[in-house]
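**Q** Chain by chain, the residues run as shown.
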Amino acid sequence: MNIQTGFVQISTRGHSDIVDITPQIHEILTKSGMQEGQLTVFATGATAAVTTIEYEPGLLRDIPETLDRIASEGAHYHHDATWGDGNGHSHVRAALIGASLTVPFISGRMLLGTWQQIVFVDCDNRSRQRKIPVQLIGK
Amino acid sequence: MNIQTGFVQISTRGHSDIVDITPQIHEILTKSGMQEGQLTVFATGATAAVTTIEYEPGLLRDIPETLDRIASEGAHYHHDATWGDGNGHSHVRAALIGASLTVPFISGRMLLGTWQQIVFVDCDNRSRQRKIPVQLIGK
Amino acid sequence: MNIQTGFVQISTRGHSDIVDITPQIHEILTKSGMQEGQLTVFATGATAAVTTIEYEPGLLRDIPETLDRIASEGAHYHHDATWGDGNGHSHVRAALIGASLTVPFISGRMLLGTWQQIVFVDCDNRSRQRKIPVQLIGK
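Going line by line, the protein sequences match chains V, X and P.
Quick note: the first sequence uses the working numbering, first residue 1, plus one each step.
Quick note: the second sequence uses the working numbering, first residue 1, plus one each step.
Quick note: the third sequence uses the working numbering, first residue 1, plus one each step.
A hint or two may mislead.
Since the list gives no way to pick out one identical chain from another, each pair is judged satisfied if it fits inside one copy or across any two copies.
With a straight-line cut-off of 25 Å between C-alpha atoms, the simulated SDA-like cross-links for lysine to any residue are [said to hold, decoys possible]:
#, residue 1, residue 2
1, Lys139, Gln117
2, Lys139, Gly108
3, Lys131, Ser107
4, Lys131, Arg69
These are computed hints drawn from the structure, not numbers from a lab.
Next up, chain V with everything else stripped away, as it sits in the complex:
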């Protein structure tokens, strides 16, 4: 049993930008040489989240549109009164989607579906540089 911690570094456009980070995670897994275990992807920062989707252009519009119905950018947020940074909706969206995702792997391959990618959702209201921890536990 062993642990390894890697990082994926990306630029996002914010505004619920959805970035496919599966290739970078696959590379971290392959380089680790681990065959069986799990990897945890974590969104460091309270305005971003991690989930899985089929990464295709339609859903890249559908998911932000749904998030805008749940926690509209135009609504009033008490958070904005605290800081004045106008990203109350970003915080609420990120808290609902969730910050961590744990994916099992066997035979050196993640147990993702054929059309299932690991995505980072940057809900902040501006472009950001993000450093995303990916931690492997296995053998």
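Place chains X and P on chain V using the hints.
**A** For chains X and P alone, kept in the frame of chain V given last:
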């Protein structure tokens, strides 16, 4: 410390069908002989999710009804324009609930509440056969 | 590699009360002496959830208000017909947010953002005593 990966196989009816998979997971845990650790349940495929609920008939209706308010089956989805398979709402719902759940166990028992079950939520718009990874790490 | 299971004990006010449990988790991590690994926080019980937020007064109002739009306390729930305990909305909210969160740590510190706290969200419709498992796997 050891790792074991098992699978739960189920048939679902789709349409946000909620299936209690706690008994099968309990059996995998018991057979492993592990006493302390955690197990990760993962929804392989981008139209399904994993969470916990009190598994009783009322919530089996309340949760799909809530999902239909958040991401209605009748709404327009750009995803459907891409593939024409009419399950845009399925993808959005699954991405929001989330694909992974990690449950700690001690003394060979999961730390679930008395009225808390692990459920697989199949948001797809048709019945499906699902093979759900359950990975144990512990001792 | 080692495993340790601790518990955080809190009182909540219910009604989507959001409690910052980061200090107690930090203490469990520090006492463990582990340097690299992950910790899983789990909401035992089907009316509570775990996520991360920036813990400031504005969001402590914004998140319950958003949850009340998604699963209003005043709406009809079939769950309430089953048990008559009036907390159908609590169950639905908890299932959507999710019961588990996994946070990696390195050099003995969790990889949280500067303004990111681990919170327990008690969606039940009354005050509760909660015992929250925190399980560390690492070295």
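**Q** Up to 25 Å between alpha-carbons, please classify Lys139 paired with Gln117: within, between, both or neither.
**A** within (23 Å within a copy, 30 Å between copies)
**Q** Evaluate Lys131 and Ser107 at a C-alpha cut-off of 25 Å and name the case that applies: within, between, both or neither.
**A** Close across copies (17 Å), not inside one copy (27 Å); limit 25 Å.
**Q** With identical chains treated as interchangeable, where does the CA-CA distance between Lys131 and Arg69 reach 25 Å or less: within a copy, between copies, both, or neither?
**A** neither (28 Å within a copy, 33 Å between copies)
**Q** Treating 25 Å as the Cα threshold, decide for Lys139 and Gly108: within, between, both or neither.
**A** both (10 Å within a copy, 22 Å between copies)
Violation of the numbered hints given earlier is confined to hint 4; every other hint is satisfied by the structure.
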